[in-house]
Amino acid sequence: MNARLPVSEGIRVAAVDDIPEGEGIVIVRSITGTDDDVALLRDDDGSVWALDNTCTHAEASLAEGWVEGGQVECPLHSSKFCLKTGAVDGLPATKDARPHRVEVRDGQVFLYPGERP
Amino acid sequence: MTDRIAVVGGGVGGVSVVAALRAGGFVGDVILIDEGEFPYDRPPLSKAYLAGDVDLKSIALQPPEWFDDHRVQLMAHSSVGALRPGLGVVELADGRSVRADKVVLATGGHALRPPIRGSARAGVHALRRAHDADRLRTALVPGSRLLIVGAGLVGAEVASTALYLGCQVTIVDPVVAPLAAVVGDEIASWLHGMHTAHGATVLRGVVESFQDSPDGITAVLSGAEPRVFDAVVLAVGMAPATALARDAGLTVDGGIVVDPMQVTSNPAVLAVGDVARPCAGGVLLHRSEHWEAAQHDAQRAAATILGVAPPAAGASWFWTDRYGTHVEVAGNLAGADEFASRGHRGEQPYACFGLRGGRVVGAVAVNDSASVRAARRMIDRGITVSAAELGDPSVDLRRLIKR
Numbered sequence: 001m002n003a004r005l006p007v008s009e010g011i012r013v014a015a016v017d018d019i020p021e022g023e024g025i026v027i028v029r030s031i032t033g034t035d036d037d038v039a040l041l042r043d044d045d046g047s048v049w050a051l052d053n054t055c056t057h058a059e060a061s062l063a064e065g066w067v068e069g070g071q072v073e074c075p076l077h078s079s080k081f082c083l084k085t086g087a088v089d090g091l092p093a094t095k096d097a098r099p100h101r102v103e104v105r106d107g108q109v110f111l112y113p114g115e116r117p
Numbered sequence: 001m002t003d004r005i006a007v008v009g010g011g012v013g014g015v016s017v018v019a020a021l022r023a024g025g026f027v028g029d030v031i032l033i034d035e036g037e038f039p040y041d042r043p044p045l046s047k048a049y050l051a052g053d054v055d056l057k058s059i060a061l062q063p064p065e066w067f068d069d070h071r072v073q074l075m076a077h078s079s080v081g082a083l084r085p086g087l088g089v090v091e092l093a094d095g096r097s098v099r100a101d102k103v104v105l106a107t108g109g110h111a112l113r114p115p116i117r118g119s120a121r122a123g124v125h126a127l128r129r130a131h132d133a134d135r136l137r138t139a140l141v142p143g144s145r146l147l148i149v150g151a152g153l154v155g156a157e158v159a160s161t162a163l164y165l166g167c168q169v170t171i172v173d174p175v176v177a178p179l180a181a182v183v184g185d186e187i188a189s190w191l192h193g194m195h196t197a198h199g200a201t202v203l204r205g206v207v208e209s210f211q212d213s214p215d216g217i218t219a220v221l222s223g224a225e226p227r228v229f230d231a232v233v234l235a236v237g238m239a240p241a242t243a244l245a246r247d248a249g250l251t252v253d254g255g256i257v258v259d260p261m262q263v264t265s266n267p268a269v270l271a272v273g274d275v276a277r278p279c280a281g282g283v284l285l286h287r288s289e290h291w292e293a294a295q296h297d298a299q300r301a302a303a304t305i306l307g308v309a310p311p312a313a314g315a316s317w318f319w320t321d322r323y324g325t326h327v328e329v330a331g332n333l334a335g336a337d338e339f340a341s342r343g344h345r346g347e348q349p350y351a352c353f354g355l356r357g358g359r360v361v362g363a364v365a366v367n368d369s370a371s372v373r374a375a376r377r378m379i380d381r382g383i384t385v386s387a388a389e390l391g392d393p394s395v396d397l398r399r400l401i402k403r
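From first to last, the protein sequence lines stand for chains A and B. The opening residue of the first sequence carries number 1 in this note's numbering; numbering runs sequentially from there. The opening residue of the second sequence carries number 1 in this note's numbering; numbering runs sequentially from there.
It is possible that part of the hints are untrue.
[As the list claims (entries may be wrong)] Reference listing, derived: stretches of chain B covered by chain A, where coverage requires no fewer than 3 residues with Cβ under 8 Å from a Cβ of chain A:
# : stretch
1 : 82-91
2 : 316-330
3 : 360-373
[Said to hold, decoys possible] Straight-line alpha carbon distances no greater than 25 Å define the calculated DMTMM-like cross-link-like pairs of lysine to aspartate or glutamate that follow:
#  : chain 1 : residue 1 : chain 2 : residue 2
4  : B       : Lys-47    : A       : Asp-44
5  : A       : Lys-80    : A       : Glu-23
6  : A       : Lys-95    : B       : Asp-321
7  : B       : Lys-47    : A       : Glu-59
8  : A       : Lys-84    : A       : Asp-18
9  : A       : Lys-95    : B       : Glu-65
10 : B       : Lys-402   : A       : Glu-64
11 : B       : Lys-402   : A       : Asp-36
12 : B       : Lys-402   : A       : Asp-89
13 : A       : Lys-95    : B       : Asp-396
14 : A       : Lys-80    : B       : Asp-55
15 : B       : Lys-47    : A       : Glu-21
16 : A       : Lys-95    : B       : Asp-68
17 : B       : Lys-57    : A       : Asp-96
18 : B       : Lys-402   : A       : Glu-59
19 : A       : Lys-95    : A       : Asp-18
20 : B       : Lys-402   : A       : Asp-96
21 : A       : Lys-95    : A       : Glu-64
22 : A       : Lys-80    : B       : Glu-65
23 : A       : Lys-80    : A       : Asp-106
24 : B       : Lys-47    : B       : Asp-69
25 : A       : Lys-80    : B       : Asp-380
26 : B       : Lys-402   : A       : Glu-68
27 : B       : Lys-57    : A       : Asp-36
28 : B       : Lys-402   : A       : Asp-44
29 : A       : Lys-95    : B       : Glu-292
30 : A       : Lys-80    : B       : Asp-69
31 : A       : Lys-80    : B       : Asp-134
32 : A       : Lys-80    : B       : Glu-292
33 : A       : Lys-95    : B       : Asp-55
34 : A       : Lys-84    : A       : Asp-106
Please keep in mind that the hints were generated in silico from the structure rather than gathered at the bench. Cβ coordinates follow ideal geometry from the N, Cα and C atoms, glycine included.
Looking at chain B on its own, in the form it has when it is part of the complex (with noise of 0.2 Å):
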């Protein structure tokens, strides 16, 4: 019988179990064991929170009655140490143990730190937790000299930031459109040239080293001319956390492998979010890095420790901001034989439905939050629709979904 769940790391993953679990009616003991002060959301930490416009405890992911509320004992400034689960116990690194029936990860990862020669000197910075924020945010002041490595999701965000806050913002990234996979390339082409159309400047290369010079950390590029900046942000991905799991002999392979229940290779150890890796049918999956991925883990994760169906799977969804546009995707456009524009690239609101086979597959909107909630609800109900419906915006999309 299980009635003590102990779950590691308090992000949105690890949060979202405990809510899981007591909105499903677990009456057991539930401890979430967190490094930080208080669990909170990442998404603000490349936003406002690194702006400087809200602090950490606007960013809470549930306010300080809640863990009490929800009979969930938060341990707080507590990391792990190891785990035992044949002896039934969570080792924390300080020597206290804490007894667990069952062990949720919710671990996260760190920020990927590529080779580069000289990175590791104070000014190369990496952004994952508040505190990475706090640092950078520093050196964030107007007129200074940042070098972003790397424009994915995490470095375009950082641009903007920096930017707003009056930095020289210079971001170098070896891909010609960075999300391409995830938006296509028209749109992944506009969403990068963003960045110049604000005042920053973009390189297409890699950086070979980091130096220290008189003023400030020279950045070697190649091909093009070295340049001295005051400040770098590397911004190249994550490493998911799995050293608890492999030093406790769980299956780790690109992140610790789960099931479709998020059940370890140990039945008493499940996983979430950044850190799981799904493996269905004996085929490894990619891990997903997004917050509402995160939640669904949870809940299923839940569901399957209360012994309860999970819920029903839908299509993904994320969410960016640059510059003050939002950008939403829902589903996989990678997958689409046609697609359809609603509004014109450029201007806003703006979508993009991928379609294949008379059904919708992904989307991508721009500052517009019907298309891409339309879309879902497609996928997730399989409805039939035509190209030329989607891309007419005196079609009603509420209405395609109900007709």
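Isolated chain A, as found in the complex (with noise of 0.2 Å):
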């Protein structure tokens, strides 16, 4: 699970079922090679979404938000974070969130780090 593929490949990070719909996990930094670590987030859709984990506004795990209807509630002051774009939708954060591109493939969730959804 940790062995680092090549980027264009992505790397398997997760098992969809790992995530809980509605929640989050964090996908350490040794593993995706980002400045931040990752936040692997499971839409009340099913489908699954990554940021970067820190809050832009204070130090809070996006991966302890709440995800539903395509945001993420950060889980401290409430700031929302649209999961595609990492768009910020309300105070106190005033800067987006870094999103990177996720696969599924065959229940595996594949990360691409730094690029773009």
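Relying on the hints, combine the two individually framed chains into one complex.
Written as structure tokens, this is what we have:
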């Protein structure tokens, strides 16, 4: 699971079933090679998305946020971020979160760090 | 036709008005008049900003370029002297005037100064704006003796920050368990007890007077020996800044009275946030003094100006931080006739839900983000649940909402 594949292939980071709908899990930066850890977030329609894990406002893990209707709500001060684009919707955060592309193949989640969804 | 809006006050309410106007497609001129250098967020003033862990720029409500990007004319370092709604003009204190078809007042309030003899002296602080926090911070040196008058949200957060900075902290409040009306007696007692557990001295009583003494300020307290402090913080609440409204002839009654659309007694003037006192069906309601409520007011005010339906009202929510603990409250526990605890008080995460007639009406959560977010959705969507389900940690709250 930790094996680093060439980036074009994506990195297999989790099974879809590892992420309950409406929740998220953290993929640490040592696996993703990104500056921040990555939050894998599963929307309530079952789709999987990835954003930088640290809220752009304060030290909070978006993977612990509430995921619903295409957005993740920060667990600390409730700023909301678009799962697809990372666009912030609502104070106190003012900066967008960085999105990463994911693909689901055969029930496995592949992350493409730094690629836009 | 409304093509020019002036918003007075650059707190979260005022900034949210201009943001909501632009988000809603308003194409006219938007002017934001603020006394400070730039609009900043106030919750950190008793926490990380007071501690000196973050600077003013890092608590800006919007980055500097945001105002230009959204064609908002920010008039910083400016205060309003008078409203002339009949003339469509806002007069600034320095003599300039700003033309506006509609004005939104987001003037917030002032820290309340209780009528305690001697409280005008230099070492007696209050906390409302960044420069108040800057001034207070210079007094919070390790070992300094600090008295905090009032153990509500601001007093409790200042106590936590001052202990973090190494001060000797004493808190005095006449109430056994502040916040009991909001979170119930038991949780309020536990929260209040955190002060003692973290090394503060908690006194029950009131301050009768402050007097100069050779080594500081002597506080004469009811039912206790006088004590000497290096500094004092008055944290006994706020008074809404209604002077402009009153001078302009608007209806003011413990706040600027607004209808459910945020419109004051003058149809050209709206008010939002701490300063606004809602009135619905002829009944005056309490002002909200919370951060998110100010944003909701702002969104309603913008909808009124734009002539569109206001966003749906939801359960209220606020947070407070003390001693590394994040406390959140949603809805209103006071109306509950049944309670359900999730986890054990004193351990974390912990949440307490209040129900009425099989529906959640409020919740308080301690380091339990998911429970309070679930509670808000249960309240807003009128979900029927049982106390047994809520109190069972093996039950997934998300599933209760979806079933």
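These are the hints, each one checked on the structure:
Coverage of the stretch 82-91 of chain B by chain A is violated [criterion: at least 3 residues with CB-CB distance below 8 Å; count 0]. For the stretch 316-330 of chain B, the proposed coverage by chain A is satisfied: 3 residues have a C-beta within less than 8 Å of a C-beta in that chain, meeting the threshold of three. With 3 residues bearing a CB less than 8 Å from a CB of chain A, the stretch 360-373 of chain B meets the requirement of three and the coverage assertion stands. Only pairs whose Cα atoms come within 25 Å are accepted, and Lys-47(B) paired with Asp-44(A) is rejected, the gap being roughly 35 Å.
Distance check on the hinted pair: Lys-80(A) and Glu-23(A) sit about 14 Å apart at the alpha-carbon level, within 25 Å; holds. A distance of roughly 23 Å separates the Cα atoms of Lys-95(A) and Asp-321(B); the hinted pair therefore holds under the 25 Å criterion. For the given pair, Lys-47(B) sits about 14 Å from Glu-59(A) by alpha-carbon distance, which is consistent with the 25 Å threshold. Proposed proximity of Lys-84(A) and Asp-18(A) is supported: the alpha carbons are some 20 Å apart, at most 25 Å.
Taken as a hint, the Lys-95(A) and Glu-65(B) pair is honoured in the structure, with Cα atoms around 12 Å apart against an allowance of 25 Å. Straight-line distance between C-alpha atoms of Lys-402(B) and Glu-64(A) comes to about 19 Å, which keeps the hinted pair within the 25 Å bound. For the hint pairing Lys-402(B) with Asp-36(A), the CA-to-CA distance comes to about 32 Å; that exceeds 25 Å, so the pair is violated. With a CA separation close to 24 Å, the supplied pair Lys-402(B) and Asp-89(A) stays within the 25 Å bound.
Straight-line distance between C-alpha atoms of Lys-95(A) and Asp-396(B) comes to about 31 Å, which puts the hinted pair past the 25 Å bound. Annotation: proposed proximity of Lys-80(A) to Asp-55(B) holds, straight-line Cα distance about 24 Å (limit 25 Å). Between Lys-47(B) and Glu-21(A), the direct Cα distance comes to roughly 34 Å. Violation of the 25 Å bound is thereby established for this hinted pair. Taken as a hint, the Lys-95(A) and Asp-68(B) pair is honoured in the structure, with Cα atoms around 16 Å apart against an allowance of 25 Å.
Distance check on the hinted pair: Lys-57(B) and Asp-96(A) sit about 18 Å apart at the alpha-carbon level, within 25 Å; holds. For the hint linking Lys-402(B) to Glu-59(A), the alpha-carbon distance of about 30 Å lies beyond 25 Å, and the restraint is violated. The straight-line distance between the Cα atoms of Lys-95(A) and Asp-18(A) is roughly 29 Å, outside the 25 Å bound, and the hint therefore fails. Between the alpha carbons of Lys-402(B) and Asp-96(A) the distance comes to roughly 29 Å, so the proposed pair goes past 25 Å and is violated.
The suggested pairing of Lys-95(A) with Glu-64(A) holds, with an alpha-carbon distance near 19 Å, which does not exceed 25 Å. Among the hinted pairs, Lys-80(A) with Glu-65(B) is consistent with the structure: their alpha-carbon atoms are about 21 Å apart, no more than 25 Å. The straight-line distance between the Cα atoms of Lys-80(A) and Asp-106(A) is roughly 30 Å, outside the 25 Å bound, and the hint therefore fails. In summary, the hint linking Lys-47(B) to Asp-69(B) is not supported, as the alpha carbons are separated by about 30 Å, beyond the 25 Å threshold.
For the given pair, Lys-80(A) sits about 18 Å from Asp-380(B) by alpha-carbon distance, which is consistent with the 25 Å threshold. Between Lys-402(B) and Glu-68(A) the alpha-carbon distance is near 11 Å, which keeps this suggested pair within the 25 Å criterion. Restraint check: the Cα-Cα separation between Lys-57(B) and Asp-36(A) comes to about 23 Å, which is no more than 25 Å; the hinted pair holds. Distance check on the hinted pair: Lys-402(B) and Asp-44(A) sit about 10 Å apart at the alpha-carbon level, within 25 Å; holds.
Pair hint Lys-95(A) plus Glu-292(B) holds up; C-alpha atoms about 18 Å apart against a cutoff of 25 Å. Of the supplied pair hints, the one linking Lys-80(A) and Asp-69(B) holds, its CA atoms being roughly 21 Å apart against a limit of 25 Å. Our distance criterion of 25 Å between C-alpha atoms is broken by Lys-80(A) and Asp-134(B), whose separation comes to about 31 Å. Of the pairs offered as hints, the one joining Lys-80(A) and Glu-292(B) holds, with about 13 Å between alpha carbons and a cut-off of 25 Å not exceeded.
With a C-alpha separation of about 17 Å, the suggested pairing of Lys-95(A) with Asp-55(B) holds against the 25 Å cut-off. For a cut-off of 25 Å, the pair hint linking Lys-84(A) to Asp-106(A) stands: about 21 Å separates their Cα positions.
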